[in-house]
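Visitor: Residue strings, one per chain:
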Amino acid sequence: MSGAQFLGFATAAALLLLGLAFILTLIRLARGPTLADRMLCLDTITMLAASAIGIFAIRTGLYLYADIAIALSLVGFLSTAAFARYLISPKPGARR
Amino acid sequence: MIDLAQYVGGVLVLAGGLFSVLGALGLLRFPDLYTRLHAAALAGPPGLGLVFVAIAFTSLDLAISSRVLIGIGFLAITTPVAAHLLARAAKRSGVAFTDHTSDHTTGPKAK
Numbered sequence: 001m002s003g004a005q006f007l008g009f010a011t012a013a014a015l016l017l018l019g020l021a022f023i024l025t026l027i028r029l030a031r032g033p034t035l036a037d038r039m040l041c042l043d044t045i046t047m048l049a050a051s052a053i054g055i056f057a058i059r060t061g062l063y064l065y066a067d068i069a070i071a072l073s074l075v076g077f078l079s080t081a082a083f084a085r086y087l088i089s090p091k092p093g094a095r096r
Numbered sequence: 001m002i003d004l005a006q007y008v009g010g011v012l013v014l015a016g017g018l019f020s021v022l023g024a025l026g027l028l029r030f031p032d033l034y035t036r037l038h039a040a041a042l043a044g045p046p047g048l049g050l051v052f053v054a055i056a057f058t059s060l061d062l063a064i065s066s067r068v069l070i071g072i073g074f075l076a077i078t079t080p081v082a083a084h085l086l087a088r089a090a091k092r093s094g095v096a097f098t099d100h101t102s103d104h105t106t107g108p109k110a111k
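From first to last, the protein sequence lines are chains A and B.
For the first sequence, counting from 1, position 49 maps to 49 in our numbering; every step adds exactly one.
For the second sequence, counting from 1, position 49 maps to 49 in our numbering; every step adds exactly one.
Since the hints were derived computationally from the structure, they do not count as laboratory data.
Every residue, glycine too, gets a C-beta built ideally from N, C-alpha and C.
Fair warning: there could be bad hints in the mix.
[As the list claims (entries may be wrong)] Pairs of lysine to any residue residues, derived as SDA-like cross-links and limited to a Cα-Cα distance of at most 25 Å, are as follows: (1) K91/B / L64/A; (2) K91/B / T34/A; (3) K91/B / A13/A; (4) K91/B / D67/A; (5) K91/B / R29/B.
[As the list claims (entries may be wrong)] If we take Cβ atoms under 8 Å as the criterion, some of the chain A residues that face chain B in the derived model are: (6) A13; (7) D43; (8) T80.
[Claimed, not checked] Computed footprint of chain A on chain B; a stretch qualifies when at least three of its residues, placed anywhere within it, have a C-beta under 8 Å from a C-beta of chain A: (9) 4-12; (10) 31-42; (11) 46-58; (12) 79-91.
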């Protein structure tokens, strides 16, 4: 088995694993009892999507997609920070 | 030489996928938000970081490798910060612990 063949097999298997992780995260997203659980699931989904884009970059050889994966992980951090800020913001009309 | 880099990259990609699955499994199975946060924030950076290292190995290009390594450094800094922010916000908004954990600020099993 040559290196390129092994890489193709490994990336396909890793994409399947990521799909499984995505399904597990979606179950928790639907079930999650609190808003914070769902925010955590969105953060995880962003990270899974960045991983899938990175694996796609390896599969196709279009390494431009690596930049997109990095940018997506940055945006994921910002969205989590913003959501956490939203979670502790006082209710409108409440006295600070 | 290129063959060797591709073998290493394939193994790294598989390890990254495995980390992601284990993190998602912890996210599904653990009893409360704080333990789930532990699983997701601990397994997330290796999952994505190993894929990034695999990109650096298979591309064999200095520009791409350096960008990807900077991305890993950023990931290692931001993920704990995001997890801390989320846990702090959840604690302040009153998300409950499981019965197995105790709250050190108010004593064990305090209401």
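Visitor: Could you run down the list of hints and mark each one as holding or not?
Guide: Hints and how they fare:
At most 25 Å may separate the alpha-carbon atoms for a hinted pair to count; K91/B and L64/A exceed this at roughly 40 Å. Using a Cα cut-off of 25 Å, the hinted pair K91/B and T34/A holds, with the two alpha carbons roughly 12 Å apart. Distance hint between K91/B and A13/A is unfulfilled; the C-alpha atoms sit about 38 Å from each other, more than 25 Å. Distance restraint check for K91/B and D67/A: the Cα-Cα separation of roughly 35 Å exceeds the 25 Å cut-off, and the hinted pair is therefore not satisfied.
Using a Cα cut-off of 25 Å, the hinted pair K91/B and R29/B holds, with the two alpha carbons roughly 20 Å apart. Restraint check, A13/A versus chain B: the minimum CB separation of about 6 Å is within 8 Å; hint holds. Given the 8 Å rule on beta carbons, the hint for D43/A holds: about 7 Å separates it from the nearest Cβ of chain B. Interface hint at T80/A: satisfied, since its Cβ lies 4 Å from the closest Cβ of chain B, which is below the 8 Å cut-off.
Note: the stretch 4-12 of chain B has 7 residues with beta-carbon separation from chain A under 8 Å; the three-residue rule is met and the coverage holds. Remark: the stretch 31-42 of chain B is confirmed as covered by chain A, as 4 of its residues place a Cβ nearer than 8 Å to a Cβ of that chain, reaching the required three. A stretch counts as covered by a chain when three or more of its residues have a beta carbon under 8 Å from one of that chain; for the stretch 46-58 of chain B and chain A the count is 7, and the coverage holds. Three residues within the 8 Å Cβ limit are the bar, and the stretch 79-91 of chain B against chain A gives 8, so the coverage statement holds.
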